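Could you slot chain B onto chain A? The hints should help.
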Amino acid sequence: MTDKKLSICTKDLRKVFNETVAVDCLSLSVDEGSVTALLGGNGAGKSTTMGMLLGLLEPTSGSIEMLGHDLRTARDAIAPYINFSSPYVDLPNRLTVRQNLTVYGHLYGVPNVKERIGALAERLQIRDLLDSRHGSLSAGQRTRASLAKSLLNNPHLLLLDEPTASLDPDTADWVRGLLMDYRKETGATIFMSSHNMYEVQRMCDDVIVMKKGGIVARGSTAELLARFKRDNLEEVFLDIARS
Amino acid sequence: MTSPAAKTETTRLPSPLRRILGLGLRHVYLYMGSWPRLAEMMYWPILNMTLFGFVSLSIVRRFGHVDVLADSFLGGVLLVEIITRSVMAMLVMYLEEVWSRNLGHLFASPLRLRDYVGGLVGLSATRCLISVTPAFVVVYYLFDFSILKFGWSLPPYVILLCINGWWYGLLVVSLLLRFGLAAEWLGWMSTWLLIPFMAPYYPVDILPQAFRIVSWAIPGTYVFESMKAQLATGQARYDYLGVALVLNLIYFAGAAFVFTRAFKGAKNSGGLLQMGE
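Read top to bottom, the protein sequences are chains A and B. Be aware that the first sequence starts at 6, since it is given in our numbering, and climbs by one per residue. Be aware that the second sequence starts at 8, since it is given in our numbering, and climbs by one per residue.
If you are wondering where the hints come from, they were derived from the structure by calculation, not from laboratory data. Please note that a few of the clues may not be correct.
Over 12 Å on every C-beta distance to chain A, these chain B residues come out as not near it, computed from the model [unchecked claim]:
1. Leu54
2. Asp212
3. Val253
4. Val265
Listed next, the in silico DSBU-like pairs over lysine-lysine satisfying Cα-Cα at most 35 Å (straight line) [said to hold, decoys possible]:
5. A/Lys119 to B/Lys274
6. A/Lys189 to A/Lys216
7. A/Lys216 to A/Lys234
8. A/Lys216 to A/Lys16
9. A/Lys10 to B/Lys274
10. B/Lys274 to A/Lys217
11. B/Lys274 to A/Lys16
12. B/Lys271 to A/Lys10
13. A/Lys119 to A/Lys10
14. A/Lys217 to A/Lys189
15. A/Lys217 to B/Lys271
16. A/Lys189 to A/Lys234
17. B/Lys274 to A/Lys216
18. A/Lys189 to A/Lys119
19. B/Lys156 to A/Lys16
20. B/Lys274 to A/Lys9
21. A/Lys216 to B/Lys271
22. A/Lys234 to A/Lys16
For clarity, every value in this text was computed on a predicted model and none was experimentally measured. For glycine and all other residues, C-beta sits at the position ideal for the given N, C-alpha and C.
Excised from the complex, chain B in its bound form:
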């Protein structure tokens, strides 16, 4: 018989990719076995796009010659969906663990905190893609608006908005880690908190001065400004996209720090053992 202590000398720690795969499978299995969850993921983006698409159409028909405004509105709605779905994906995936009282099993396993964050980000990107792709198709066929009209600017738009959603999602999850399920409603509300400041459907100049300061501090604002400029002039604002990237990287590092502190706080207070329905 081999001594267990002797066995510990040879490492068996699974690779980070395998640990992230484990976390990913947990959510893939969940969605594969629950068609209402899958349907809900696609339902809201399609509903929002349809609703705002008809609003745009009515504006065009009533006032005429405002195609750019209508396109800007539709483009804004599409890109807003990317950021809100990214945030919601992070929130929902964390809540699924809390609801099923699974956090203890997860964090007693070799899963590291950075694996968990990596898993959340990867799953959020996948969930976001599944959520918004059908909405893009619906908008194309119903309103003749293709997201592809943004050309090579589209990938940076999507990536920058996703990163914005991820760091913000990490902050929302930190809130729940620190304060438990009592803060769940705050988490849901927070998902849309930044949107008005990002000015997705209107120019930033419309906002009051105090709001504008907040607005220019959010990376998403620069993406939406670039989108509006591109629709109006045919030229994207790559300088704005550069600012968005730098801000995103700074904020992501900050959010990761806050998340680590919140996790430590939960370990101190017993939150990882007590959280659940």
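The shape of chain A in the complex, shown without the other chains:
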């Protein structure tokens, strides 16, 4: 038996909105240091799952453990070590990138906020954008600013919702490289949702496919391709979505 540490462990997680079941008995575990993708069509329950992991949505039932702590009872032991980026949750448009990063630097208790912002700006190539208002940035620049915010506290667990959405192929490729380097340097766990199958195939050790609120397939890309007898992940996704 392997003694792997888990970054995320949910048990029988369920979320019901009025009478609609968005997530149903979801039990998943994510190994520390892995890059795991959460796939699924629209309404599969990915965003609801992400929301619950971030503590922004209250599960109807079930439990969530992150970094070895129960999210419901020990949020303070988890929140400083995780971060996230999502195209659906914005940073204030009227603040400059530097101001936004300073605010979140304090909220996350980042030591030497100025230096950390400088280092991240260098790494994410946003030095020239630091004093621009967030609202004036292009979609690609906003994604990079949001990624800078998500890396501010050197998170041990990074939750990413469509990290390369609205990026051109070149920038998207660069972002993937950056995330992989971050994982390599820090040993952090990356848990991401994506609709880009090429990205998932390239980055992820583990793929979880959701449908109607539950997990319908799971494994490495190679395992899923073999099981569904397909050449690429997109065909696997379509098989599952249309079944």
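Chain B alone, transformed into the frame defined by chain A:
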């Protein structure tokens, strides 16, 4: 390479003060970069004071020997500004987060709910001070009425009205948390809902009996009654101020409870993720 799980054993949770500082900076940056927002903060109190100042002046000139009434009117307007600006500050600061779809980032961070309330209260006090101070100066130079004439009673008046504004502001924000932006107009309307019951410009006795019951249940009423008594007799009603303090503390605790429930409701319904323009 250090194992991330090993690192979690040593706490890095920022202190509450640092978290509140982060929240405060968010609003300081916003106002520093937006002069219309800054100007708007001071504009309404100055406009109200000027308007009501001239109304008072016309009453004095027309009827004469009613200086106490005019002072009571001006004092009432000044103190009403303190309570309305406190409520509005809480409402606007919450709405700024909703408008910018920033609630998700805030509440996924180590910020706790009590930090958020503490931040709202601190920022509301600062915003209120910036809003009403220019109006006090305008009234002094235009109408020769100084808020300082209340002497040592002034700090309790201001503090009690601010606390009244804070718990009421928390209730208004709870309404928005629970029902989303659909309730925004209700939030704006609610800001002034209590004012007629507090009888800031007239005696409570003028109100109909049913209104008087509501009136005496509001801490602000006791402050305004004390102010009117002080202008008429030179003596503040400290017994009234004591009642206002007790009521304020009870209501603040109640409002904090309601706010916590509304926050939980928003987490249940997905409100924190969906709110935005």
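Checked hints:
The beta carbon of B/Leu54 is kept farther than 12 Å from every beta carbon of chain A, the shortest such distance being approximately 25 Å. For B/Asp212, the condition that its CB be more than 12 Å from all CB atoms of chain A holds, with the nearest at approximately 48 Å. Every CB of chain A lies more than 12 Å from the CB of B/Val253, the least distance being 33 Å, so the non-interface label holds. Distance to chain A confirms B/Val265 as a non-interface residue, since its nearest Cβ pair spans about 17 Å, more than 12 Å.
Of the supplied pair hints, the one linking A/Lys119 and B/Lys274 holds, its CA atoms being roughly 33 Å apart against a limit of 35 Å. With a C-alpha separation of about 31 Å, the suggested pairing of A/Lys189 with A/Lys216 holds against the 35 Å cut-off. Taking the CA atoms of A/Lys216 and A/Lys234, the gap is near 20 Å; set against the 35 Å cutoff, the hint holds. Restraint check: the Cα-Cα separation between A/Lys216 and A/Lys16 comes to about 17 Å, which is no more than 35 Å; the hinted pair holds.
Among the hinted pairs, A/Lys10 with B/Lys274 is consistent with the structure: their alpha-carbon atoms are about 29 Å apart, no more than 35 Å. This hinted pair checks out: B/Lys274 and A/Lys217 have alpha carbons roughly 21 Å apart, not beyond 35 Å. At roughly 19 Å between alpha-carbon atoms, B/Lys274 and A/Lys16 fall within 35 Å of each other, so this suggested pair holds. With a C-alpha separation of about 31 Å, the suggested pair B/Lys271 and A/Lys10 falls inside the 35 Å cut-off, and the hint holds.
Restraint check for A/Lys119 and A/Lys10: satisfied, since their Cα atoms lie roughly 33 Å apart, inside the 35 Å limit. Using a Cα cut-off of 35 Å, the hinted pair A/Lys217 and A/Lys189 holds, with the two alpha carbons roughly 34 Å apart. The straight-line distance between the Cα atoms of A/Lys217 and B/Lys271 is roughly 25 Å, inside the 35 Å bound, and the hint therefore holds. Of the supplied pair hints, the one linking A/Lys189 and A/Lys234 holds, its CA atoms being roughly 31 Å apart against a limit of 35 Å.
The straight-line distance between the Cα atoms of B/Lys274 and A/Lys216 is roughly 23 Å, inside the 35 Å bound, and the hint therefore holds. A distance of roughly 24 Å separates the Cα atoms of A/Lys189 and A/Lys119; the hinted pair therefore holds under the 35 Å criterion. Annotation: proposed proximity of B/Lys156 to A/Lys16 is violated, straight-line Cα distance about 65 Å (limit 35 Å). The hinted pair formed by B/Lys274 and A/Lys9 meets the criterion: a straight-line CA distance of about 32 Å does not exceed 35 Å.
Under the criterion of a C-alpha separation no larger than 35 Å, the hint pairing A/Lys216 with B/Lys271 is consistent with the structure, at around 27 Å. A C-alpha spacing of about 30 Å is found between A/Lys234 and A/Lys16, which places the hinted pair at or below 35 Å, so the restraint holds.
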